[in-house]
Amino acid sequence: MSFLNQWNYFLALGPQAILTTFAIGILLFGVSRNNTSDEHQGWLLGRISLAGVIAAGIVNAGLYPFADRLSDGIVAVDRYALFSNWVLLLGSAMAILISISYVEKQRIQVPEYFALLLFATVGLMLMTASLDLMLVFIGLEIASISVYALATIDQRSPKGSEAGLKYFLLGAFSTGIFLYGVALIYGSTGSANLTEILNATVDADDTGVMLITGVIMLAVGFCFKVGVVPFHMWTPDVYQGSPMPITGYMSVAIKAGAFFTFYRIFGIYLDNIQFSWGTVFWWLALVTMIGANLVALVQNNIKRLLAYSGIAHSGYLLITVLANNTTSESGLLYYLAVYTVANMGLFAGFVLVANHAEHRVEVSDYAGLGSKQPFIAMALTVFLLSLGGFPATGGFIGKILILRGALEDNYLLLAIALVISTLISYWYYLRLAWFMWMKEQAATPNTEKAPEIEIPLALKLVLAVSLVLIVYAGIFPSQLIGFIETSLLKG
Amino acid sequence: MLPTQVLFLSAVIFVVGTLGVIVRRNAIIMFLCIELQLNAVNMAFVALSRYVGIEGQLFVFFVMTVAAAEAAVGLAIIISIFRHYESVITDDFSFLRW
Numbered sequence: 001m002s003f004l005n006q007w008n009y010f011l012a013l014g015p016q017a018i019l020t021t022f023a024i025g026i027l028l029f030g031v032s033r034n035n036t037s038d039e040h041q042g043w044l045l046g047r048i049s050l051a052g053v054i055a056a057g058i059v060n061a062g063l064y065p066f067a068d069r070l071s072d073g074i075v076a077v078d079r080y081a082l083f084s085n086w087v088l089l090l091g092s093a094m095a096i097l098i099s100i101s102y103v104e105k106q107r108i109q110v111p112e113y114f115a116l117l118l119f120a121t122v123g124l125m126l127m128t129a130s131l132d133l134m135l136v137f138i139g140l141e142i143a144s145i146s147v148y149a150l151a152t153i154d155q156r157s158p159k160g161s162e163a164g165l166k167y168f169l170l171g172a173f174s175t176g177i178f179l180y181g182v183a184l185i186y187g188s189t190g191s192a193n194l195t196e197i198l199n200a201t202v203d204a205d206d207t208g209v210m211l212i213t214g215v216i217m218l219a220v221g222f223c224f225k226v227g228v229v230p231f232h233m234w235t236p237d238v239y240q241g242s243p244m245p246i247t248g249y250m251s252v253a254i255k256a257g258a259f260f261t262f263y264r265i266f267g268i269y270l271d272n273i274q275f276s277w278g279t280v281f282w283w284l285a286l287v288t289m290i291g292a293n294l295v296a297l298v299q300n301n302i303k304r305l306l307a308y309s310g311i312a313h314s315g316y317l318l319i320t321v322l323a324n325n326t327t328s329e330s331g332l333l334y335y336l337a338v339y340t341v342a343n344m345g346l347f348a349g350f351v352l353v354a355n356h357a358e359h360r361v362e363v364s365d366y367a368g369l370g371s372k373q374p375f376i377a378m379a380l381t382v383f384l385l386s387l388g389g390f391p392a393t394g395g396f397i398g399k400i401l402i403l404r405g406a407l408e409d410n411y412l413l414l415a416i417a418l419v420i421s422t423l424i425s426y427w428y429y430l431r432l433a434w435f436m437w438m439k440e441q442a443a444t445p446n447t448e449k450a451p452e453i454e455i456p457l458a459l460k461l462v463l464a465v466s467l468v469l470i471v472y473a474g475i476f477p478s479q480l481i482g483f484i485e486t487s488l489l490k491g
Numbered sequence: 001m002l003p004t005q006v007l008f009l010s011a012v013i014f015v016v017g018t019l020g021v022i023v024r025r026n027a028i029i030m031f032l033c034i035e036l037q038l039n040a041v042n043m044a045f046v047a048l049s050r051y052v053g054i055e056g057q058l059f060v061f062f063v064m065t066v067a068a069a070e071a072a073v074g075l076a077i078i079i080s081i082f083r084h085y086e087s088v089i090t091d092d093f094s095f096l097r098w
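Line by line, the protein sequences are chains V and P. Final position of the first sequence in my numbering is 491; the numbers increase by one with none missing. Final position of the second sequence in my numbering is 98; the numbers increase by one with none missing.
Among the clues, some could well be false.
[To be verified] Covered stretches of chain P, as calculated for chain V (at least 3 residues, CB under 8 Å):
no., segment
1, 21 to 33
2, 36 to 45
3, 53 to 65
4, 70 to 76
5, 80 to 93
[As the list claims (entries may be wrong)] Quick partial rundown of chain P residues pointing at chain V, CB under 8 Å, derived from the structure:
no., residue
6, F14
7, G17
8, L48
Just so you know, the hints here were simulated from the structure itself, not pulled from any lab data. We treat Cβ as the ideally placed atom computed from N, Cα and C, and that holds for glycine.
If we strip away everything but chain V, and leave its shape as in the complex, we get (with noise of 0.2 Å):
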């Protein structure tokens, strides 16, 4: 289909605008219902946005027959575009499904939150497709804005606020940075759309001071969003400030989405000039990999913890970003379709040990949980195992893929560095699954005593398709290897 008219540029953003449509129209009921006590609106809301992510869907696919890889308008709609929808669907459907027993009893105002939701997964969305720097900072926004909100959103817990600020704080300051890196890049090649610019960078010898310097506040802007290691301080205090399932959701849709458009922007767009930030990247991954691997060892909280191992990972998709073939690119999509579902799924792990509150979140607490709860700590286990990159789990393939792309670009170091810093990650994943499967719970009177677990349907559904796909994708790999090789940007 060639996007001549209106409405067929209209069709493409339709996953998009019936995300949006749902969620304005979660907020009107939320305001049209005077009645605030009601039991089950998380369950009803929850429901309706989950139905709105899946219509999503339905048109996700709808557009694969239009799919064209050489869109140079502002909007792509290219395959690489739409698996990326559907990996930041899949995140936050799971973040609904999460949510629904959470919002319930923590009392959270819950039309606002499904409906903030939904419009970060829309600013998301927006971000992946789009070919023009504005519109990747729009997008950008909308997902951030929507994020800092939710973050705070229980407006009891005084670690929400913390962690809220802190959030818009850095956020609002890094996307300062990116911005005046738009702002070169604009001035340097003339416009702000992604094809000119790569057709103004053909030429890489007279590039100015003023792109190198615009295309490295724009990297520092996107690290600042993954939480690479110099620019990651924010990561662990927010993400154990914010409410479980959101603290899920920024962990692995903020990521994915940010990385999906990191490698749309540096990896294809900006490869021309990789000599003035591939050095960058380089120590960047570097430092990253081996630091966080090492902070988590020490680290006791979980969502310290998985803060940490989250910002490991930002570290080896960085090298896919360097080493920018079609293997490392596959590697990148793999990875971050499986780092999804596993830590989506950890997360429901989380939120059930916790009792769908905040409490209980130290490793400690996790001892004796595979007696108790079988199911629940089996499938914690392998979603541990996958992040680590066990073999036979997801994790296993993805890391592999984005070994061999590292060294097919003769990225020997960095190879090396991702051995060495999973080995290190294997200490901290296994460190958990030891507690839950080896260690009794302590017995001193003094620490309440955990509460029988009760699994919601939601999450038995959470876990069960998480467990289900990770080893999936970790014994047969091929066929979303094919999938994916499909939708790459290079090929």
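Could you slot chain P onto chain V? The hints should help.
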């Protein structure tokens, strides 16, 4: 003024904003410095559009809109934290430290 001078001014304002966020500890001042950064960006866009075309002036409106949205959410967050701690000095709240 020539566009180069305006660009230089915008860079200075941007640096002032950046330093302000790093140095100051009052959440509202930090937020003001972020606004300063965004306005430096606007100035750069307008100055550069002299060279490269009208798009830059268009971008300014996007930036202003987003900055307004950010201000709304940011001030709400600052109010919410003031309710808990009766302070907006970031050193005063330290639940989350490693």
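Hint-by-hint comparison with the structure:
no. : hint     : in the structure
1   : 21 to 33 : holds (count 4)
2   : 36 to 45 : holds (count 6)
3   : 53 to 65 : holds (count 6)
4   : 70 to 76 : holds (count 4)
5   : 80 to 93 : holds (count 7)
6   : F14      : holds (6 Å)
7   : G17      : holds (7 Å)
8   : L48      : holds (4 Å)
When held up to the earlier numbered hints, the structure conflicts with none and fits them all.
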